[in-house]
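Student: Sequence:
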Amino acid sequence: MKLVSFLNNDQESFGILGNSGLHPVLEAFKKECPDLKAVFESQKIKDLKTFCKEKPIPLSQVTLLPPVPNPGKIICAGMNYRKPYPVDGIAPPDPGNIVIFSRHSDTLVGDGTDLECPKGEAAETFDFEGEIVAVIGKSGRFISPEDALQHVVGYSIMNEGSVRGWMKHSVHAGKNFHASGSWGPCITTVDEIDDFSSLKLETYVNGKLMQSALAAEMIFSLSELISYISNLTPLNPGDIIATGSPDGTGGSRKPSVFLKPGDCVEVSVDRIGTLKNHVGN
Numbered sequence: 007m008k009l010v011s012f013l014n015n016d017q018e019s020f021g022i023l024g025n026s027g028l029h030p031v032l033e034a035f036k037k038e039c040p041d042l043k044a045v046f047e048s049q050k051i052k053d054l055k056t057f058c059k060e061k062p063i064p065l066s067q068v069t070l071l072p073p074v075p076n077p078g079k080i081i082c083a084g085m086n087y088r089k090p091y092p093v094d095g096i097a098p099p100d101p102g103n104i105v106i107f108s109r110h111s112d113t114l115v116g117d118g119t120d121l122e123c124p125k126g127e128a129a130e131t132f133d134f135e136g137e138i139v140a141v142i143g144k145s146g147r148f149i150s151p152e153d154a155l156q157h158v159v160g161y162s163i164m165n166e167g168s169v170r171g172w173m174k175h176s177v178h179a180g181k182n183f184h185a186s187g188s189w190g191p192c193i194t195t196v197d198e199i200d201d202f203s204s205l206k207l208e209t210y211v212n213g214k215l216m217q218s219a220l221a222a223e224m225i226f227s228l229s230e231l232i233s234y235i236s237n238l239t240p241l242n243p244g245d246i247i248a249t250g251s252p253d254g255t256g257g258s259r260k261p262s263v264f265l266k267p268g269d270c271v272e273v274s275v276d277r278i279g280t281l282k283n284h285v286g287n
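Adding 6 to a residue's 1-based position in the sequence shown gives its number in my numbering.
Any given hint might turn out to be false.
In the DSS-like style, the derived pairs of lysine-lysine whose C-alpha atoms are separated by at most 30 Å in a straight line are [to be verified]: (1) K89 with K36; (2) K89 with K50; (3) K52 with K89; (4) K59 with K144; (5) K125 with K79; (6) K50 with K79; (7) K55 with K89.
For the record, the hints were derived by calculation from the structure and aren't laboratory data.
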């Protein structure tokens, strides 16, 4: 299944994306599970099709939201692909340690919504970062790497937009500009992706290929990331983990290629879809 959250006539809802359109969830079911996070918590995801309308509506009729508009945690892995370091002045990571940081939910918009270009000096180093996202569907703490993927309900895509100049003095600040990134367009459930490591990510800016990598190229696997994070904090349904961005970001290029108003960023992952956003004024 491909799961989406959306606005239709200013009403927030969710449903399943099919070949002929979007199948919204029945209103009666929303009283029990008002959003996808609640569906994951109730462990009713396998039965979701039975609670959706048979007649689809056109995708063009709705505004897509981040698939889980209210995630409990957004945890991102940094420096998790091999690159020709130093990258934009950043030294290579310690190969024995996982690097993570967090983002606020209001820093990420859904597919099709414009990114907010930072103002002033921050606008000069506004960068793109295509990433594959794992969505947690089952709670856990102190999860072993061997059991980690059992806690994943599905996969999605993120453009983990960053302001490089600010990251040099504060990673948290550089990663948390309002509406600077996006994730979506959907969550593809794990039953449709038998091998996470085979997923291929590609990022395009104005139609030009900028990033291309397989999930297998990550330094730390998804299982290792989940296990590490769960030792730090409990993982709960609706939490999301961005797994890192491969080489090719704007700040890693000579000369640098940073985003500006009007640019179009597309991040594609096979079997999930394409996340597309323009940079607003």
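Student: Would you mind marking each hint as holding or not holding in the structure?
Tutor: Here is what the structure says about each hint:
Pair hint K89 plus K36 does not hold up; C-alpha atoms about 45 Å apart against a cutoff of 30 Å. Among the hinted pairs, K89 with K50 is inconsistent with the structure: their alpha-carbon atoms are about 41 Å apart, more than 30 Å. Between K52 and K89 the alpha-carbon distance is near 39 Å, which puts this suggested pair outside the 30 Å criterion. For the hint pairing K59 with K144, the CA-to-CA distance comes to about 26 Å; that is within 30 Å, so the pair holds.
For the suggested pair K125 and K79, the alpha carbons sit about 27 Å apart, so the restraint of at most 30 Å is met. For the given pair, K50 sits about 21 Å from K79 by alpha-carbon distance, which is consistent with the 30 Å threshold. For the given pair, K55 sits about 42 Å from K89 by alpha-carbon distance, which is inconsistent with the 30 Å threshold.
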